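Order-wise, the sequence lines are chains A and B. Heads up: the first sequence is residues 361 to 666, going by our numbering. Heads up: the second sequence is residues 3 to 236, going by our numbering.
Hints in this document: simulated from the structure, not taken from any laboratory. All figures in this text were calculated on a predicted structure; none of them were measured in a lab. Don't take every hint at face value.
To be verified - Short derived list, chain A residues pointing at chain B, Cβ under 7 Å: (1) L538; (2) G539; (3) R543.
What the hints assert, rightly or not - Pairwise CB distance ranges (calculated): (4) B:A111 - A:T510: 53 to 61 Å; (5) A:L538 - B:G21: 55 to 63 Å; (6) A:G475 - B:R56: 41 to 49 Å; (7) A:G475 - B:G186: 27 to 35 Å; (8) A:P460 - B:G21: 57 to 65 Å.
Ideal Cβ positions, reconstructed from N, Cα and C, are used throughout, including at glycine.
Listed below are the residues making up each chain.
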Amino acid sequence: MTPFQVFLQQLANGLTIGSIYALIALGYTMVYGVIQLINFAHGEVFMVGAYVGLSACLWLGLEGVAPGGAMAWGFVGVVGASILGCALLGLAVERLAYRPLRRAPRLTALITAIGLSFFLQNAVMLVYGATDRRFPALVPSVRWNLGGATVTTLQLVIWAAAGLMMAGLQVLVMRTRLGKAMRATAQDPTACWLLGIPVDRIISVTFAIGSSLAAVGGVLFGLYYHTVNFHDGYLIGLKAFTAAVLGGIGNIPGAMVGGLLLGVLETLGAGYLSAQWKHVFAFVVLVVLLLFKPTGLLGERVADRA
Amino acid sequence: MLALSGVVAGYGQTACLKGVDVEVRPGEIVALLGANGAGKTTTLMAISGLVRPRQGAITFEGVRLNGLAPEAIAALGVGHVPEGRRVFTRLTVLENLHLGAYLQRDRRARDEDLRRMWELFPVLRSRQHQLAGTLSGGEQQMLAMARGLMARPKLLLLDEPSLGLAPKLVRAVFDIIVRINAGGTAILLVEQNARMALTVSHRGYILETGAVALCDSAKALAGNPHVKSAYLGG
Numbered sequence: 361m362t363p364f365q366v367f368l369q370q371l372a373n374g375l376t377i378g379s380i381y382a383l384i385a386l387g388y389t390m391v392y393g394v395i396q397l398i399n400f401a402h403g404e405v406f407m408v409g410a411y412v413g414l415s416a417c418l419w420l421g422l423e424g425v426a427p428g429g430a431m432a433w434g435f436v437g438v439v440g441a442s443i444l445g446c447a448l449l450g451l452a453v454e455r456l457a458y459r460p461l462r463r464a465p466r467l468t469a470l471i472t473a474i475g476l477s478f479f480l481q482n483a484v485m486l487v488y489g490a491t492d493r494r495f496p497a498l499v500p501s502v503r504w505n506l507g508g509a510t511v512t513t514l515q516l517v518i519w520a521a522a523g524l525m526m527a528g529l530q531v532l533v534m535r536t537r538l539g540k541a542m543r544a545t546a547q548d549p550t551a552c553w554l555l556g557i558p559v560d561r562i563i564s565v566t567f568a569i570g571s572s573l574a575a576v577g578g579v580l581f582g583l584y585y586h587t588v589n590f591h592d593g594y595l596i597g598l599k600a601f602t603a604a605v606l607g608g609i610g611n612i613p614g615a616m617v618g619g620l621l622l623g624v625l626e627t628l629g630a631g632y633l634s635a636q637w638k639h640v641f642a643f644v645v646l647v648v649l650l651l652f653k654p655t656g657l658l659g660e661r662v663a664d665r666a
Numbered sequence: 003m004l005a006l007s008g009v010v011a012g013y014g015q016t017a018c019l020k021g022v023d024v025e026v027r028p029g030e031i032v033a034l035l036g037a038n039g040a041g042k043t044t045t046l047m048a049i050s051g052l053v054r055p056r057q058g059a060i061t062f063e064g065v066r067l068n069g070l071a072p073e074a075i076a077a078l079g080v081g082h083v084p085e086g087r088r089v090f091t092r093l094t095v096l097e098n099l100h101l102g103a104y105l106q107r108d109r110r111a112r113d114e115d116l117r118r119m120w121e122l123f124p125v126l127r128s129r130q131h132q133l134a135g136t137l138s139g140g141e142q143q144m145l146a147m148a149r150g151l152m153a154r155p156k157l158l159l160l161d162e163p164s165l166g167l168a169p170k171l172v173r174a175v176f177d178i179i180v181r182i183n184a185g186g187t188a189i190l191l192v193e194q195n196a197r198m199a200l201t202v203s204h205r206g207y208i209l210e211t212g213a214v215a216l217c218d219s220a221k222a223l224a225g226n227p228h229v230k231s232a233y234l235g236g
């Protein structure tokens, strides 16, 4: 491999994990946008998404099924089950844990989020056990040559799924009635009430959508790394949060860019410098960025004129 | 159409309203005047549900509003253009107006209302794709009023619509208030600019420290010596 091919390979791998970071980062940034809360339990929602996907695989009997139509439908079913499970979890989390604290000091909600995170980790550990669980391979492992880099079918699927979800989200947020209401709620909930916009319902839907994106991220993560563990949500969640801050917390395109960028930088750092320091790069990037541009890459705001 | 009787409301321990009685009849413009801190804004907030009344009753077309959520009150036909305009600065003018019509599921009716707004506020039409935050103060006031009208309210609460505007724009805003009213919408108007408010209103209330001190026709209030010296600058 020429040095350029090596670089391309790193880039492809970085974009893959970056796509997963981006999907999760969107949930952090959307929830922060509407209620200014860092939902630290969001990483756990991602992890639950992976486990719901695993259960769906086992329930549908997809372990070791030959590639083909049945498997493609199986993949859709697994993703669908995971989205449904996580959307319900997101709704429950918002309704039971955060809504009663809507008027409480922000620190209260933040600590609740951390507590919820421990609760979800341990609940999953009780149900599925503490050891790594194997995630069935749903996507046939065909290798493609992409300008010198080797890309698996799974990577293509991850890019396509993440791209599709993000494009769908962008349309939803920018074009639909619900999306406009979400952006308006993010800016001024009181003004929304006066217009008859059901702010509580908009917040619920925001949690459901963010959790659905994390669910897709969870299934893709399980497929990519072949195993899932109950504490996967912690580090991946923290990195996705980093990605959201990198792009500018509250900014939806920022979370997408931040996720992809973080994945690429981390992979390049691990490849060219030292693999042991892989996790350190992500956070060094964050610290450096915050030093020079505390609002994140796309976090600039239009001046509010009175 | 709207009746407040003995409304007590406030924030925390203090009661800003100590028993307010106000009535708005169909087709009226009613001015709510008073010094800073007299309770004008709190009265509007109590009507639209942003502040919960502790005592008294607020009814709108026979429906008791006490304890209803703000979005439910808006759905009954009470529009509220809050103090400081509060337009969505990071959304476009058109998006702001669409959000005003959030409860209007009929697209044709919504687009018809939009056309009426362009007629009433031509400046908004030429700026419809601009972010609301880039508008001038007067334009933002126009947008806030248009946004409030998109829901086709039967009663519109206007809180300080002329605040911070140049004299020429103040006149334009009051002209529009009269035109909105001519279309059949009742208006409860809170204003610092008592002189202008009384020229467009049918009736008026003077609030002093959380209670109604005076209530009369606008003409009578404008001629009242106490009102003249305290609110109309002598």
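The hints, checked one at a time:
Checking A:L538 against chain B by beta carbon gives a least distance of about 10 Å; that is not within 7 Å, so the hint is violated. Hint status for A:G539 relative to chain B: violated, with the closest Cβ pair at about 10 Å, above 7 Å. With a least beta-carbon distance of about 6 Å to chain B, the hint placing A:R543 at the interface is held under the 7 Å criterion. The beta-carbon spacing between B:A111 and A:T510, approximately 57 Å, falls within the hinted interval of 53 to 61 Å.
At about 42 Å, the beta-carbon gap between A:L538 and B:G21 misses the expected band of 55 to 63 Å. About 35 Å separates the C-beta atoms of A:G475 and B:R56, a value inconsistent with the hinted range of 41 to 49 Å. At about 54 Å, the CB distance of A:G475 to B:G186 disagrees with the hint of 27 to 35 Å. For A:P460 and B:G21, the Cβ-Cβ distance of about 33 Å falls outside the hinted range of 57 to 65 Å, so the restraint is violated.
The structure is inconsistent with the numbered hints 1, 2, 5, 6, 7, 8, although it conforms to all the rest.
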